[in-house]
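Using the sequences and the hints given, assemble the complete structure.
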Amino acid sequence: MEVTREKHGDSVLLVIAGQIDMYSSPELRAELTAALESGSKRLVLDMEKVEFIDSSGLATLIEVLQKLRGSEGKLRLSNLSSGVLAVFELSNLDQLFDIRATREEALQDDPA
Amino acid sequence: MEVTREKHGDSVLLVIAGQIDMYSSPELRAELTAALESGSKRLVLDMEKVEFIDSSGLATLIEVLQKLRGSEGKLRLSNLSSGVLAVFELSNLDQLFDIRATREEALQDDPA
Amino acid sequence: MADEVRGIRVSIPSHPRFLAPVRDLAAWSAEQAGFGCEDTEAITLAVTEGCTNVIRHCYGGKHNERIDVDISFSTRALTIRIDDYGTFVDPASIHSRDLDEVRPGGLGVHLMQQVMDQVRYERNAWGGTSLTLMKHIQGDDHVLRSGELDG
Amino acid sequence: MADEVRGIRVSIPSHPRFLAPVRDLAAWSAEQAGFGCEDTEAITLAVTEGCTNVIRHCYGGKHNERIDVDISFSTRALTIRIDDYGTFVDPASIHSRDLDEVRPGGLGVHLMQQVMDQVRYERNAWGGTSLTLMKHIQGDDHVLRSGELDG
Ligand SMILES: Nc1ncnc2c1ncn2[C@@H]1O[C@H](COP(=O)(O)OP(=O)(O)O)[C@@H](O)[C@H]1O
Ligand SMILES: Nc1ncnc2c1ncn2[C@@H]1O[C@H](COP(=O)(O)OP(=O)(O)O)[C@@H](O)[C@H]1O
Chain A
4 MEVTREKHGD SVLLVIAGQI DMYSSPELRA ELTAALESGS KRLVLDMEKV EFIDSSGLAT
64 LIEVLQKLRG SEGKLRLSNL SSGVLAVFEL SNLDQLFDIR ATREEALQDD PA
Chain B
4 MEVTREKHGD SVLLVIAGQI DMYSSPELRA ELTAALESGS KRLVLDMEKV EFIDSSGLAT
64 LIEVLQKLRG SEGKLRLSNL SSGVLAVFEL SNLDQLFDIR ATREEALQDD PA
Chain C
25 MADEVRGIRV SIPSHPRFLA PVRDLAAWSA EQAGFGCEDT EAITLAVTEG CTNVIRHCYG
85 GKHNERIDVD ISFSTRALTI RIDDYGTFVD PASIHSRDLD EVRPGGLGVH LMQQVMDQVR
145 YERNAWGGTS LTLMKHIQGD DHVLRSGELD G
Chain D
25 MADEVRGIRV SIPSHPRFLA PVRDLAAWSA EQAGFGCEDT EAITLAVTEG CTNVIRHCYG
85 GKHNERIDVD ISFSTRALTI RIDDYGTFVD PASIHSRDLD EVRPGGLGVH LMQQVMDQVR
145 YERNAWGGTS LTLMKHIQGD DHVLRSGELD G
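Protein chains in written order, with this note's numbering: chain A, 4 to 115; chain B, 4 to 115; chain C, 25 to 175; chain D, 25 to 175.
FYI, nobody ran anything at the bench for these hints, they're computed from the structure. Here the structure is a predicted model, which is why all the values come from computation and not from measurement. Treat the hints loosely; a few may be bogus.
Unchecked claim - In silico DMTMM-like pairs for lysine to aspartate or glutamate, Cα to Cα no more than 20 Å straight-line: (1) A:52 with C:62; (2) A:52 with C:48; (3) B:70 with D:124; (4) A:70 with C:125; (5) A:70 with C:124.
Said to hold, decoys possible - With the Cβ distance kept under 7 Å, some of the chain C side facing chain D (calculated, not the full set): (6) 32; (7) 33; (8) 34; (9) 35; (10) 45; (11) 49.
Note that CB positions come from ideal geometry on N, CA and C, so glycine has one too.
Following this line, the structure appears as structure tokens:
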């Protein structure tokens with residue numbers, strides 16, 4: 004797994020590539036924590052290049068949601084392949100997460 | 004392994020892709036035999052997309068050389084990756100085969 | 025003997041580093057067996073969840089214990105057996121959390137059950153747990169036909 | 025036990041179809057061990073030649089016999105052991121042809137010897153032949169350092 008981080012205005016964009024499993028999840032967790040600690044309120048994870056995600060990856064993402072709970076922070080996912088989206092759907096998590104079709108949409112402000 | 008066959012004037016060009024080993028060699032042999040039987044005197048094997056070759060693959064190519072011996076037929080190889088070329092070199096076969104850098108060069112007539 | 029070798033068996037240390045190559049082997053096997061892309065992804069997910077649970081729950085995260093993954097083809101199904109060398113755990117104690125109660129973890133068994141046709145825990149010959157994951161091949165467009173592997 | 029699982033062991037049927045996944049496993053292992061691209065290609069070549077010879081010479085082309093491939097890492101070398109369940113062949117009878125005498129075949133043993141640091145044939149515990157292929161890791165830029173696999 005590879006993660007690259009970019010600042011986009013208010014948001015931090017993390018572009019994730021490769022496979023997310025029990026081996027790579029700790030690294031993903033570290034990247035997400037670092038991004039949260041950088042002070043950005045909005046986190047966008049672009050997952051176009053994620054080839055595989057398992058329940059360890061889902062757990063890591065749920066942890067972020069829980070950390071953000073009660074704060075103004077937001078987490079958005081974008082660009083999920085059908086295989087990755089299927090894992091969210093099978094876990095009933097596709098409604099819990101804010102999943103957007105494109106990176107651009109995920110980086111956009113919501114109408115206030 | 005995948006093989007596609009194209010007619011180029013006097014020559015038959017076989018574009019080979021993938022891995023050549025004991026499993027795929029019989030198929031390569033069949034393709035080469037079919038090309039020889041099509042009546043073309045010159046066979047060009049473009050190997051740009053060959054990721055792997057082992058001694059079964061070398062044996063299949065040596066068979067063609069032996070079939071062509073004494074006839075007017077010619078066999079040329081082109082576009083070998085450094086890894087594939089290394090296997091020819093390790094077997095002292097890089098001098099035996101007519102190996103060209105590019106497909107265009109391999110398809111060209113030699114100055115008479 | 026013939027039946028015994030109608031597939032691949034791989035033994036790995038219980039280190040998450042080895043999940044990726046096992047997944048690759050499972051994907052290759054699924055493709056050979058004739059499964060499409062979606063089913064192949066399902067199978068790699070299930071085998072990952074099964075091995076992850078062995079590392080986490082059976083070996084308590086220890087990295088140098090042994091896991092055996094046995095992949096066998098038939099013309100009608102792909103069967104993956106995951107064996108550990110720990111102590112046998114009552115299958116009744118292995119179940120997913122309630123999906124409505126959102127928390128990290130507790131989804132592996134659920135995912136395996138969703139994507140496979142059979143998920144079965146048994147005691148193995150070494151006193152550990154054997155997890156069998158089976159998926160039927162739909163249609164008859166599969167590559168490995170009866171007898172094709174015979175010598 | 026700890027030593028025993030410091031690597032991967034895979035058992036395949038003696039069908040050439042299974043050479044590709046074994047090669048993938050060997051390539052993955054070589055990369056993990058820190059070998060560069062060229063050495064990784066050398067290792068996949070050697071393991072392919074070793075398994076091909078077992079299928080061809082030990083099992084006479086029969087497709088449903090068993091081959092075990094054991095890949096073990098250390099900080100200084102990658103060692104691949106290929107075990108068959110046939111009859112032990114006198115290593116003195118296993119040698120390449122003269123390279124000048126051009127004919128199809130007779131290059132496998134030569135290639136293994138060229139690309140590996142050790143090529144050794146021995147009788148194994150089952151009365152068959154065990155082929156050990158070993159290659160040293162040059163430099164110290166390898167990934168799997170001592171102890172990294174410990175639990
Ligand atoms: N191989 C195993 N050995 C022992 N217990 C297991 C095993 N696999 C699963 N379990 C039990 O089943 C529970 C549910 O597993 P799972 O759905 O994968 O979620 P998680 O592993 O995240 O807890 C685990 O918490 C554990 O108690
Ligand atoms: N695993 C094996 N069991 C028995 N004999 C073998 C084995 N490997 C190699 N040999 C012998 O060594 C010879 C040389 O092998 P090799 O260089 O690979 O060429 P080839 O397999 O094309 O003949 C073989 O012809 C065979 O007689």
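Is the Cα-Cα distance between residue 52 (chain A) and residue 48 (chain C) 20 Å or less?
OK: residue 52 (chain A) and residue 48 (chain C) at ~17 Å, within 20 Å.
Holds or violated: is there a CB of chain D closer than 7 Å to the CB of residue 49 (chain C)?
6 Å, holds
CA of residue 70 (chain A) to CA of residue 125 (chain C), is that 20 Å or under?
16 Å, holds
With a cut-off of 20 Å on the C-alpha distance, tell me whether residue 52 (chain A) and residue 62 (chain C) pass.
17 Å, holds
Hinted pair, alpha-carbon criterion (20 Å max): residue 70 (chain A), residue 124 (chain C). Please report holds or violated.
18 Å, holds
Compare the distance between the alpha carbons of residue 70 (chain B) and residue 124 (chain D) with 20 Å, and conclude whether the hinted pair is satisfied.
18 Å, holds
Closest C-beta approach of residue 33 (chain C) to chain D relative to 7 Å, hint status
4 Å, holds
Have a go at the residue 35 (chain C) hint: is there a Cβ in chain D nearer than 7 Å to its own Cβ?
For residue 35 (chain C), the interface hint holds, since the closest Cβ of chain D sits about 4 Å away, which is under 7 Å.
Can the hint on residue 45 (chain C) be confirmed by a CB-to-CB distance to chain D that is less than 7 Å?
At about 5 Å, which falls below the 7 Å cut-off, the nearest Cβ of chain D leaves the hint on residue 45 (chain C) intact, so it holds.
So, as I understand it, the hint says residue 34 (chain C) touches chain D; can you test that by seeing if any CB pair is closer than 7 Å?
Status holds, d = 5 Å.
Please verify that hint: residue 32 (chain C), Cβ, nearest Cβ of chain D, below 7 Å or not.
Check passed: Cβ of residue 32 (chain C) comes within 6 Å of chain D, closer than 7 Å.
In this structure, none of the earlier numbered hints is contradicted; all agree with it.
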